[in-house]
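J.: Residues per chain, in single letters:
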Amino acid sequence: MGCQHLEELYELWLLGALSGQSSVDLREHLERGCPHCLARVRDATETVYILDLGSKPLRPPARVKAELLRQISRKATPHR
Amino acid sequence: MSMEIPSEELLERIAAQDVAALGELYDRYAPRVYGLIKHMLSSDDVAEELLQDVFVRLWGESLSLSREGGSVVAWLVVTAREVAVERLRALRAKVLSAALQGPGAVVRKEMLGPAKSKAAVLRSSAVIFTTKPLDGKSAAMKPDPADRPGTPWPSAFPSAWLPHTKEIALINDRLVLLHKAIDQLPKSQRQALELAVFGGLSESEIATAMGEPLAKAQRSLRAAVTFVKHRRRAVCGTWAANI
Chain G
138 MGCQHLEELY ELWLLGALSG QSSVDLREHL ERGCPHCLAR VRDATETVYI LDLGSKPLRP
198 PARVKAELLR QISRKATPHR
Chain Y
13 MSMEIPSEEL LERIAAQDVA ALGELYDRYA PRVYGLIKHM LSSDDVAEEL LQDVFVRLWG
73 ESLSLSREGG SVVAWLVVTA REVAVERLRA LRAKVLSAAL QGPGAVVRKE MLGPAKSKAA
133 VLRSSAVIFT TKPLDGKSAA MKPDPADRPG TPWPSAFPSA WLPHTKEIAL INDRLVLLHK
193 AIDQLPKSQR QALELAVFGG LSESEIATAM GEPLAKAQRS LRAAVTFVKH RRRAVCGTWA
253 ANI
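Protein sequence lines correspond, in order, to chains G and Y. Counting in the working numbering, the first sequence runs from 138 upward without gaps. Counting in the working numbering, the second sequence runs from 13 upward without gaps.
Be aware that a few hints might be false.
As the list claims (entries may be wrong) - Below, computed lysine to any residue pairings styled on SDA-like, alpha-carbon distance capped at 25 angstroms: (1) Y:K178 - G:H173; (2) Y:K228 - Y:I194; (3) G:K193 - Y:E60; (4) G:K193 - Y:L189; (5) Y:K228 - Y:F239; (6) G:K193 - Y:Q64; (7) G:K193 - Y:K228; (8) Y:K199 - G:E145.
To be clear, the hints were calculated from the coordinates, so they are not data collected in a lab.
With the hints as constraints, model all of the structure from the sequences given.
T.: Spelled out as structure tokens, the structure:
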């Protein structure tokens, strides 16, 4: 699979908006380590990051952090 | 004046099993992650559960992330959207299933057809169900059986795909400007973009939600994404890939 026709697909793929087969094709192509596409996926991630931050930051309730840290503490091995 | 500990340093400490460092990174980025998830899913309970999930994943991935580099906040945000999209799809599938099993008001009978059994409908996905896009209005949804937008990456977002910290810092500095540019998009492009970004819809689902042919919805979405990409490159000037 060549790369040129993928130019406008990276962001859509990262968003999860591509249809199943196109998504699979792109992923398989990347897994073969195409350096051309790797640089573009990194570039596309920046665009998707901007889009994702279109939502307003929202402070979660304090108990969520407490629950998270309790959960993590159970997973943690003793701190060296 | 106290200096903020760099996120990468906190990540190294997290990789060394430092729970307090995770708490510090959480304080720094949880509002962004939670804001995104809550915007996509609305439910407080689900958003809180997924917020924890993202940071549990970070704990599990911290060693490889720390070794391979890349922006921590970018990883958190793209992982948040991944878990949110997965949950949205599961919820939609549940709605679809419930609609087919009972007298669900969300099923439009005219879509079923007199000769079709519910099982046949399920196979063909010839059912409309509702979702809640950003504008708060309900939108008709028609799942396309050939369109199964899967998660693009296996379990964790690969570090090699992450932008560098300095690039994300530049974006963060200019985020207001970039979002103002997005506000300038034509209405149809903006709607398609929002359905993809916050509705977690595929191109064909967006076409159905907007009541437009697939090709038209694709053009709107792709034009919007291309516009944002070009604005980002113009505003941040970070595009440095070898072409």
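J.: All hints are to be evaluated individually against the structure, with a verdict given for each.
T.: These are the hints, each one checked on the structure:
Annotation: proposed proximity of K178 (chain Y) to H173 (chain G) holds, straight-line Cα distance about 21 angstroms (limit 25 angstroms). Using a Cα cut-off of 25 angstroms, the hinted pair K228 (chain Y) and I194 (chain Y) holds, with the two alpha carbons roughly 20 angstroms apart. With a C-alpha separation of about 16 angstroms, the suggested pair K193 (chain G) and E60 (chain Y) falls inside the 25 angstroms cut-off, and the hint holds. The straight-line distance between the Cα atoms of K193 (chain G) and L189 (chain Y) is roughly 15 angstroms, inside the 25 angstroms bound, and the hint therefore holds.
Between K228 (chain Y) and F239 (chain Y), the direct Cα distance comes to roughly 16 angstroms. Compliance with the 25 angstroms bound is thereby established for this hinted pair. Of the supplied pair hints, the one linking K193 (chain G) and Q64 (chain Y) holds, its CA atoms being roughly 18 angstroms apart against a limit of 25 angstroms. A hinted pair counts as satisfied when its Cα atoms are at most 25 angstroms apart, and K193 (chain G) with K228 (chain Y) does not qualify at roughly 29 angstroms. At most 25 angstroms may separate the alpha-carbon atoms for a hinted pair to count; K199 (chain Y) and E145 (chain G) meet this at roughly 21 angstroms.
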